[in-house]
Amino acid sequence: MRCAKIRKQISSYIDDQMGSDEKKAFSGHLRNCPDCREALKEVHAVHELFTSAEKFSAPYGFTTRVMANLTAEEPSRWWALFTRRPLVLRALEVSFALIVFLTGLHLGNRLTADKGPPAEQATIQQFFSLDLFQATPSDSVGGVYVALAEANHEK
Amino acid sequence: MASMNSPDENRLPKPFKDGDHSTFERIVQHYQDKIYNLCRYLLGNPQDAEDAAQEVFIKAFRKLKDFQPEASLYTWLYRIGVNTCFDHKRKSRPEPFKNESLAETLPSTEPSPEGQYQSKEIGRAIQSALDQLSRNSRTIIVLKEIEGLSYEEIAEVMDTSVGTVKSRLSRTREELRSLLEKKV
Chain H
1 MRCAKIRKQI
11 SSYIDDQMGS
21 DEKKAFSGHL
31 RNCPDCREAL
41 KEVHAVHELF
51 TSAEKFSAPY
61 GFTTRVMANL
71 TAEEPSRWWA
81 LFTRRPLVLR
91 ALEVSFALIV
101 FLTGLHLGNR
111 LTADKGPPAE
121 QATIQQFFSL
131 DLFQATPSDS
141 VGGVYVALAE
151 ANHEK
Chain G
156 MASMNSPDEN
166 RLPKPFKDGD
176 HSTFERIVQH
186 YQDKIYNLCR
196 YLLGNPQDAE
206 DAAQEVFIKA
216 FRKLKDFQPE
226 ASLYTWLYRI
236 GVNTCFDHKR
246 KSRPEPFKNE
256 SLAETLPSTE
266 PSPEGQYQSK
276 EIGRAIQSAL
286 DQLSRNSRTI
296 IVLKEIEGLS
306 YEEIAEVMDT
316 SVGTVKSRLS
326 RTREELRSLL
336 EKKV
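If you read the sequences in order, they're chains H and G.
Numbered according to the working numbering, the first sequence spans residues 1 to 155.
Numbered according to the working numbering, the second sequence spans residues 156 to 339.
Everything labelled a hint here was simulated from the structure, so no lab data went into it.
In this text, all values refer to a predicted model and were calculated from it rather than measured experimentally.
No residue lacks a Cβ here, since even glycine has one placed at the ideal position from N, Cα and C.
Hints are supplied without guarantee of correctness; some may be wrong.
To be verified - Each pair of labels, with its calculated beta carbon distance range:
no.: 1; chain 1: H; residue 1: K41; chain 2: G; residue 2: R234; range: 33 to 43 angstroms
no.: 2; chain 1: H; residue 1: R84; chain 2: G; residue 2: N238; range: 47 to 57 angstroms
no.: 3; chain 1: H; residue 1: D15; chain 2: G; residue 2: S333; range: 13 to 23 angstroms
no.: 4; chain 1: H; residue 1: L105; chain 2: G; residue 2: Q202; range: 50 to 60 angstroms
no.: 5; chain 1: H; residue 1: A25; chain 2: G; residue 2: Q202; range: 41 to 51 angstroms
no.: 6; chain 1: G; residue 1: F241; chain 2: H; residue 2: R7; range: 46 to 56 angstroms
no.: 7; chain 1: G; residue 1: N238; chain 2: H; residue 2: Q17; range: 19 to 29 angstroms
no.: 8; chain 1: H; residue 1: A25; chain 2: G; residue 2: R234; range: 31 to 41 angstroms
no.: 9; chain 1: G; residue 1: P224; chain 2: H; residue 2: T51; range: 24 to 34 angstroms
Unchecked claim - Think about it this way: if two alpha-carbon atoms lie no more than 25 angstroms apart in a straight line, the pair counts; the simulated PhoX-like pairs of lysine-lysine are:
no.: 10; chain 1: G; residue 1: K321; chain 2: H; residue 2: K55
no.: 11; chain 1: H; residue 1: K55; chain 2: G; residue 2: K275
no.: 12; chain 1: H; residue 1: K41; chain 2: H; residue 2: K8
no.: 13; chain 1: H; residue 1: K41; chain 2: G; residue 2: K275
no.: 14; chain 1: G; residue 1: K244; chain 2: G; residue 2: K275
no.: 15; chain 1: G; residue 1: K244; chain 2: G; residue 2: K214
no.: 16; chain 1: H; residue 1: K23; chain 2: G; residue 2: K321
no.: 17; chain 1: H; residue 1: K55; chain 2: G; residue 2: K244
no.: 18; chain 1: G; residue 1: K321; chain 2: H; residue 2: K41
no.: 19; chain 1: G; residue 1: K218; chain 2: G; residue 2: K246
no.: 20; chain 1: G; residue 1: K321; chain 2: H; residue 2: K5
no.: 21; chain 1: H; residue 1: K8; chain 2: H; residue 2: K24
no.: 22; chain 1: H; residue 1: K8; chain 2: H; residue 2: K23
no.: 23; chain 1: H; residue 1: K41; chain 2: H; residue 2: K23
no.: 24; chain 1: H; residue 1: K5; chain 2: H; residue 2: K24
no.: 25; chain 1: G; residue 1: K275; chain 2: G; residue 2: K246
no.: 26; chain 1: G; residue 1: K321; chain 2: H; residue 2: K8
no.: 27; chain 1: H; residue 1: K23; chain 2: H; residue 2: K5
no.: 28; chain 1: H; residue 1: K41; chain 2: H; residue 2: K5
no.: 29; chain 1: G; residue 1: K321; chain 2: H; residue 2: K24
no.: 30; chain 1: G; residue 1: K214; chain 2: H; residue 2: K55
no.: 31; chain 1: G; residue 1: K214; chain 2: G; residue 2: K246
no.: 32; chain 1: H; residue 1: K24; chain 2: H; residue 2: K41
Build out the structure end to end from the sequences listed, making use of the hints.
So this is what it looks like as structure tokens:
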């Protein structure tokens, strides 16, 4: 068997993935080929190195953080139920809700309009008029002056 | 591969598919170390590994509908893990691998300074070699040698044939042999 073929089989040999005949031929070649023996030794060393590499554990509180992130980003159950429906059904539902809303608005306006003429309301001008204020209160100097002036005028 | 009392190894429980949090929490607890370890070796540093591992479980929760009952749960998670790590690597920065980072956190149980030094050297050699491999070669070596998956499981994770896994693994081991020849 040629060395190139043997080199390709080294990996399968290490993982014990060879048939018995294949393994016999492989071992036979190795007995007579120091280069392939060396290659097997080196690939095996690589295998040993990586299989003995440190196994890292997830940091403390990892699961808690995952679950917190899930809860934070999960939409409400109603929203989830809504978004799971087919698009056509969702469009119908939105249209129906809109129709109900607009009908309610219209009926509300009609009911208010049927209650008769609106009560008299002060206009904005009246509301903010300066007449609301007494320019010369009776207990002020101006008030006393006006009272005296009116008394003289009556005389 | 992994023994699991609950939840079931190969079948996704119905409450899990329906988005039940407590069942999913048990799954996260069971697989967190495996997924974190995978991300740690594929990305090379603890912070990126934790971010990616968190993303794996969040994606898994979102993709419950896509899970095929005939697939096994852990190979499905590994597949999400491998894809997430490479997405993460692409998004985060052009050179995410740090040769020193793994070596710094290798086992610190060695009693002697010589042992610690040797351990750091091994960690540095492993990470440095992994950094030089292509995406597929790195994935295959981490799944086979570090995670201990079988050829069939690797084929399932990488969505390829067992024959491809065999030949790619053989080439990668040869490549690693030449890469590590001068370092160890």
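Quick check: which numbered hints come out false for this structure?
-> Numbers 2, 6 and 25 - these are the hints that the structure violates, sorted from lowest upward.
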